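Q: One-letter residues, chain by chain:
There are 2 protein chains.
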Amino acid sequence: MRILVLGGDGYLGWPTAVHLSDCGHDVAVADNYARRGYDHELGVDSLVPIEPMQVRLDAWREVSGKSIKCYYGDLVDGQFTAEMIADARPDAIVHFAEQRAAPYSMIDRQHAVYTQQNNVIGNLNVLFAIQQVDPDIHLVKLGTMGEYGTPNIDIEEGWLEVTHNGRTDRMLYPKKPGSFYHLSKVHDSHNIEFACRIWGLRATDLNQGVVYGQETPQTARDIRLATRFDYDAIFGTVLNRFVIQAVLGHPLTVYGTGGQTRGLIDIRDTVECIRLAAENPADRGEFRVFNQMTEKYSVGEIAKIVANSFAGSVEIEYLDNPRVEQGEHYYNVKHTGLVELGLQPHLLSNTLIESLFRVADKYKERVDLAALRPTVNWRQATSPLR
Amino acid sequence: MRILVLGGDGYLGWPTAVHLSDCGHDVAVADNYARRGYDHELGVDSLVPIEPMQVRLDAWREVSGKSIKCYYGDLVDGQFTAEMIADARPDAIVHFAEQRAAPYSMIDRQHAVYTQQNNVIGNLNVLFAIQQVDPDIHLVKLGTMGEYGTPNIDIEEGWLEVTHNGRTDRMLYPKKPGSFYHLSKVHDSHNIEFACRIWGLRATDLNQGVVYGQETPQTARDIRLATRFDYDAIFGTVLNRFVIQAVLGHPLTVYGTGGQTRGLIDIRDTVECIRLAAENPADRGEFRVFNQMTEKYSVGEIAKIVANSFAGSVEIEYLDNPRVEQGEHYYNVKHTGLVELGLQPHLLSNTLIESLFRVADKYKERVDLAALRPTVNWRQATSPLR
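Residue numbers (the numbering used here), protein chains in the order written: chain F, 1 to 386; chain H, 1 to 386.
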């Protein structure tokens, strides 16, 4: 298939592109390099050095013999988006190209507005371009499990059968997201569902859990193919932070009680989910939703797993939670759709965490301790960057 | 109370401002005159001539002895929004200042993007300004009944008690809106609920039905105080179009079977609902939702009421429906919240329609027949303006 990966320079966009290419698909990527710009703004950097896109593409050609075409541009530019899609003529578009950090969206008004403007308008432009170029193109859109929040009932895959006063309907699952970023994805989901309904587009909306891991079989083939390892308080994820803290001999910093439970997924499963979704497209007019996660853990449990996996001794420290979220809550998520398409999950194991310890140890001189400290406070309208 | 009416130059913003002023509140209005700009763009005009804001304000001072302060600016400009709210220091903000036409948002990509960008970002800026200036300010935000779509279960007021697999939660009512405009209001509602949750803001989200009528006791006091009468296919509402068609001796044009049922409300009730909401604010942290409508009718029923009310003979013509919507559907809406606060509805009666016939007859020389013809097709990504 011809597959266009939007946001192909990102933490997941790049491993997805090389995975799809390795599986024999004709892949193109697009990016505006905004993610690298956020690093400049925040004064942080990926723990693992990452090469410029052109170096990555050359390296991939060397090791695989396969070419990936690259588009440079911004999805907020509707004309660029339409011309690129007309030029690439993909069978599927994988859309990773959004600002993805909840804390980044909560820094202040400007960052909240940027996040919603960038994500919602970019996605609208993609929908219009698909309708104009070829409504048969399958949109595989990255959402997040954070769209659901923590309801007191089971989380279904995007739709809910509701019985009320003796009548029944199948409705979009009611969502209660926890940041202006998560809200942007809820807005996207509503816009996509509408485009499927009125134009008969085909879309798969992937509500992805927190992704862990940094290597895939493809990125491991050459150091120049490496993807990001974010550990800072704004773009980093909790497992990465704990791994760094353990390696440096610092306490693992748990926010609040650590009872917050989240869905998780291994990076190798993420890229495989994308392949499965792309190769098994939604029907015309179908708004299909998968919960792209394989396991659930509380933040406290993740801290214990990291502590127990580490060779040395590790303390756990509890900080005030800068976020507004429930400390303890019900969390039962259905996630069978991708397994039914053939996903064979890698579960969080000591082996994986040991590989993260190895990466962190190799690059520990690059750690910026100040970047680990949470500065963004959900209860304020303005927070300092660092 | 001090009340700031955003969008105070619009069809409803203006009558609301003079109603609140007449009731003894200290009122200010804000507008960027975008609504007048859409007329220039589309080559249409209100059937009833409307005076510039400064003339309206002078006229109101003459007839009432009361002053209304006026701010000129755009809510998309976050700095303007914050400075205005800091200057006005209102107890309540009534937010009408959004692009409000479903067909306008469906013209093409640019109009869809404009609508979501304008509405969502403007509303975000208002939320941040409230949090920064005074989180006690009560936001009274205009939404639309169109946010709900036409579910097969009863429509509650914004929230739904859901029991699923033996567990229960109170959740945001799942919405399935019918245009990029309606979607923008769904996005707003999610953003506002979140601001109430994390910052403890107080908000009333009003899901308003289709408003009919053109006069209130205040606007009737001087011809210079008149508000808009829109009958064109983009900004006009179905009742206004039928009234014009009857007066001109043309057939009433019903889209589809006419089985589409909608909630309706008299303009005199709209302004009263706003007063009731403002004078009875939501609690801190509360996201309160009212369905601001008083009756429901199908489009076919509205056509019959207009035809039966008109002195002459009137034909009804059925056109292909340019919208994507269910022709026949269940529609049972709860709307008790505002009645409990004291609303005494004016129901759709021959008297009201006769007053509309009178207005239409007075200004019938100003009717532009070409503007009545629907041009925006929901099934296409691009439609002609006229």
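Derived from the structure by calculation, the hints contain no laboratory data. Computed from a predicted model, the values in this text were never measured in an experiment. Please note that a few of the clues may not be correct.
[What the hints assert, rightly or not] Simulated DEER-style distance windows between Cβ atoms:
id, chain 1, residue 1, chain 2, residue 2, range
1, H, G166, F, W159, 33 to 43 Å
2, H, Y318, F, T163, 30 to 40 Å
3, F, R379, H, L341, 49 to 59 Å
4, H, G43, F, D136, 32 to 42 Å
5, H, E354, F, D154, 49 to 59 Å
6, H, T163, F, E354, 36 to 46 Å
7, F, R373, H, G24, 45 to 55 Å
8, H, E62, F, N165, 33 to 43 Å
All C-beta atoms, glycine included, are put in the ideal place defined by N, C-alpha and C.
Q: Hint by hint, where does the structure go against what was stated? Just the numbers, ascending.
A: Numbers 1, 3 and 8 - these are the hints that the structure violates, sorted from lowest upward.
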